[in-house]
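Q: Chain residues, written in single-letter form:
Protein chains: 2
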Amino acid sequence: MFDYNEYFSLSSQKMKASKIRELMKFASMPDVISFAGGMPDPLNFPFEDVKNIINNWDQKRSIFAMQYGSTEGYPPLLETLKRRMKEKKGINIDDQRIVVTTGGQQALFLISRVLIDPDDIVLVEEPSFIGAMASFLANLAKLVGIPLERDGVDVDFLEKKIVELKKSGKKPKFFYTIPNFQNPAGVTMSLEKRKKIYDISKKYGLVIVEDDPYGDLYFKNDDSFYKPIKSLGNDAPVLYVGSFSKILCPGFRLGWVVGDSQIIEKIALAKQSVDACSSSFGQVLANDYLEKNLIDNYLSKMRIIYREKKELMIEKIKEFLPDSVKYTNPDGGFFIYLDLPEKMSGEKLFARAIKSKVAFVTGEPFHTDPVEGDRHLRLSFSNSTNEEINKGIKMLGEAIKEEIQSLK
Amino acid sequence: MFDYNEYFSLSSQKMKASKIRELMKFASMPDVISFAGGMPDPLNFPFEDVKNIINNWDQKRSIFAMQYGSTEGYPPLLETLKRRMKEKKGINIDDQRIVVTTGGQQALFLISRVLIDPDDIVLVEEPSFIGAMASFLANLAKLVGIPLERDGVDVDFLEKKIVELKKSGKKPKFFYTIPNFQNPAGVTMSLEKRKKIYDISKKYGLVIVEDDPYGDLYFKNDDSFYKPIKSLGNDAPVLYVGSFSKILCPGFRLGWVVGDSQIIEKIALAKQSVDACSSSFGQVLANDYLEKNLIDNYLSKMRIIYREKKELMIEKIKEFLPDSVKYTNPDGGFFIYLDLPEKMSGEKLFARAIKSKVAFVTGEPFHTDPVEGDRHLRLSFSNSTNEEINKGIKMLGEAIKEEIQSLK
Chain F
0 MFDYNEYFSL
10 SSQKMKASKI
20 RELMKFASMP
30 DVISFAGGMP
40 DPLNFPFEDV
50 KNIINNWDQK
60 RSIFAMQYGS
70 TEGYPPLLET
80 LKRRMKEKKG
90 INIDDQRIVV
100 TTGGQQALFL
110 ISRVLIDPDD
120 IVLVEEPSFI
130 GAMASFLANL
140 AKLVGIPLER
150 DGVDVDFLEK
160 KIVELKKSGK
170 KPKFFYTIPN
180 FQNPAGVTMS
190 LEKRKKIYDI
200 SKKYGLVIVE
210 DDPYGDLYFK
220 NDDSFYKPIK
230 SLGNDAPVLY
240 VGSFSKILCP
250 GFRLGWVVGD
260 SQIIEKIALA
270 KQSVDACSSS
280 FGQVLANDYL
290 EKNLIDNYLS
300 KMRIIYREKK
310 ELMIEKIKEF
320 LPDSVKYTNP
330 DGGFFIYLDL
340 PEKMSGEKLF
350 ARAIKSKVAF
360 VTGEPFHTDP
370 VEGDRHLRLS
380 FSNSTNEEIN
390 KGIKMLGEAI
400 KEEIQSLK
Chain X
0 MFDYNEYFSL
10 SSQKMKASKI
20 RELMKFASMP
30 DVISFAGGMP
40 DPLNFPFEDV
50 KNIINNWDQK
60 RSIFAMQYGS
70 TEGYPPLLET
80 LKRRMKEKKG
90 INIDDQRIVV
100 TTGGQQALFL
110 ISRVLIDPDD
120 IVLVEEPSFI
130 GAMASFLANL
140 AKLVGIPLER
150 DGVDVDFLEK
160 KIVELKKSGK
170 KPKFFYTIPN
180 FQNPAGVTMS
190 LEKRKKIYDI
200 SKKYGLVIVE
210 DDPYGDLYFK
220 NDDSFYKPIK
230 SLGNDAPVLY
240 VGSFSKILCP
250 GFRLGWVVGD
260 SQIIEKIALA
270 KQSVDACSSS
280 FGQVLANDYL
290 EKNLIDNYLS
300 KMRIIYREKK
310 ELMIEKIKEF
320 LPDSVKYTNP
330 DGGFFIYLDL
340 PEKMSGEKLF
350 ARAIKSKVAF
360 VTGEPFHTDP
370 VEGDRHLRLS
380 FSNSTNEEIN
390 KGIKMLGEAI
400 KEEIQSLK
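Going line by line, the protein sequences match chains F and X. Per numbering that gives the first Met the number 0, the first sequence starts with residue 0, numbered consecutively. Per numbering that gives the first Met the number 0, the second sequence starts with residue 0, numbered consecutively.
Simulated from the structure, these hints should not be mistaken for laboratory data. Errors might be hidden in some of the hints.
To be verified - Calculated lysine-lysine pairs in the DSS-like style (CA-CA distance at most 27 Å, straight line):
1. 81(X) / 59(F)
2. 24(F) / 81(X)
3. 356(X) / 59(F)
4. 59(X) / 356(X)
5. 13(X) / 13(F)
6. 50(F) / 291(X)
7. 291(F) / 88(F)
8. 15(X) / 170(F)
9. 59(X) / 356(F)
The model shown is predicted, which means the values in this text are computed figures rather than measured ones.
Hey, can you work out the whole structure from these sequences and the hints?
A: Dropping the structure here:
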């Protein structure tokens, strides 16, 4: 049989299947209660809205939906997104441009392609989102972690790191951050820190990649805390990445990125050879969904549903997990992050937990430091039923207690 | 204002907007009759089928359609594609694997990523598809053109080139071919040449990337001429790329690639960081479309529609274009390729034609040799009405005649 090994490119030889993929195989087995995947609640997708929209398309819309579109995106959707980002996020979009991407994931990939040369440094929160890090690594970046605190990334550490790198003649290509309800840690960056990051960006010419897939899924009644860094001004090089995956559904693969026209043009150019354009069908649909304000009804509903799931999971954590386990209590999004008791390994705990048919993601893939990573685990409450949360956290508590016993 | 120039990666600094994009701006102006874009007939998209499928989804299907899917693709669709490729294309799929991609374009991009290191040689037909070459170039390949003849690529030239490269210590990473109704040339590779290419692939370990977006759109009643190179066996390293863009619609951005599991696994791995998965909505829909055999009715209809458009365009070419213009007469697909009279420049002709509001694509972007390229132009008959073909070819004929006069 033909052996492709001597044909693979250097970058593809370095690609490895992520550990999380291996874990997910267990997590998707029947009977397993899984808090592993960061997926929206499948029982509450707005499928009726989607169907109604499609059934009401005139010929012009149906042709747009089925034909090739422009690389930048469906023009009415670009306009609607601009308007919405101005109104809801306070982003001054006047001298900025947008390109629609195939999910937020593709936005991160294209930004990486356009900015990263092999061995370039990219700064990430520690811990950070696996998919983003995979894109940076696939473009052969070196990741440097900046510790995450309960009110967002350690901005002093960030600034010190930039200065330190500068002294050794290196300049990080960008800093990647998820300010709202971070994946995996579930923490939210304070307004004060957002301002500091904006200032650092301006002062040092540090490009900020601000990823905000969860920003609309806040649990308090007031969203004024969750304004993007991008909304602080356009004098600093901030790229804002949005996604339809959590505010409509992931199934259309739609995201977008906003920034100065100089870089957006380059991203669009890179996109041409990657997939030519994103789904026209999804874009025409997403535009109707925004324009008819169906999104706001859906988000009002989902904020309550996700908040209730989170509250139940926190309640069960308090009830069933030993006090030596610390946890974050997110103000939105999908995730709770656990700090395991001293000496406990997340990977060993996973092996024990999966026997009792409960799954999660170990911390390791989220960290640049595997030792630190192994002290954590991520729980997603977004796509579990109340019954699963109840039963699953109880079983997780038992597994943790058994693991504590075995360490004595 | 912030200047991204000192941040752009080397590969992105090399990216340039393709000339065709500039031309397309003219082509999409109102009142212009455009034979430029290679797009399906918008008036005959199977929108009613699509609507019916969606309206009949049960909860399970609607959830699959809206949720994240696996990177390899929606499992029922993978099975349906396997069955169809075996039955309709004669591809022995037993020890092969498939990954669903975001359009055929993404399949070409991922293959490039997985195989091409900077300065690697990729062999392409001369002329070849712009989007494919853009993917190869974006991954910093060097393109070497192999002349296309009226019965497909010059296989002797191909073999000589491989031997010549081998002598100088170089090995091409792959040969890219569109055997059926080639884009842009509209020619079809003979069965004899397909067999020779299969043998060359086996003999020299030459990876073949066989792109077949148009293979189902043949104009004769017999499809036995259009069997893929891939159907000749799995002893040679042939990657077969399929697309839903011309057999359903481009709007869902769905394609696929079939090959040995060793390379398909690598492609799926590369895809994880590019867009995680392709549209679930599109995939569930495409699976129903195939399974309910709606596709065969649609294809039967479209073969007649496209054949009639082609016949009309050929008739009008005979009527209105001077005899010094040579043209291909395709057995399927979307394109007719013209050889212009001696000394005539395609680019200059375009400038003249666009003034009379008729547009096409100049040959240059399809060629590795710009001088040869400028002697051609591509006409697409697929998305024009009869009236537009009638009027547009007449105007093109006038522009060519004026251009001939001006050269005297």
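Q: Are the hints correct? Go through all of them and say.
A: Structure-based check of each hint:
1. 81(X) / 59(F): Violated. Residue 81(X) to residue 59(F) sits at ~34 Å, over the 27 Å cutoff.
2. 24(F) / 81(X): 23 Å, holds
3. 356(X) / 59(F): 23 Å, holds
4. 59(X) / 356(X): Answer violated: residue 59(X) to residue 356(X) is near 50 Å, above 27 Å.
5. 13(X) / 13(F): Cα-Cα ~24 Å, so holds.
6. 50(F) / 291(X): 20 Å, holds
7. 291(F) / 88(F): 19 Å, holds
8. 15(X) / 170(F): 26 Å, holds
9. 59(X) / 356(F): Roughly 23 Å between the alpha carbons, so the hint for residue 59(X) and residue 356(F) holds.
This entry does not satisfy hints 1 and 4, going by the numbered hints stated previously.
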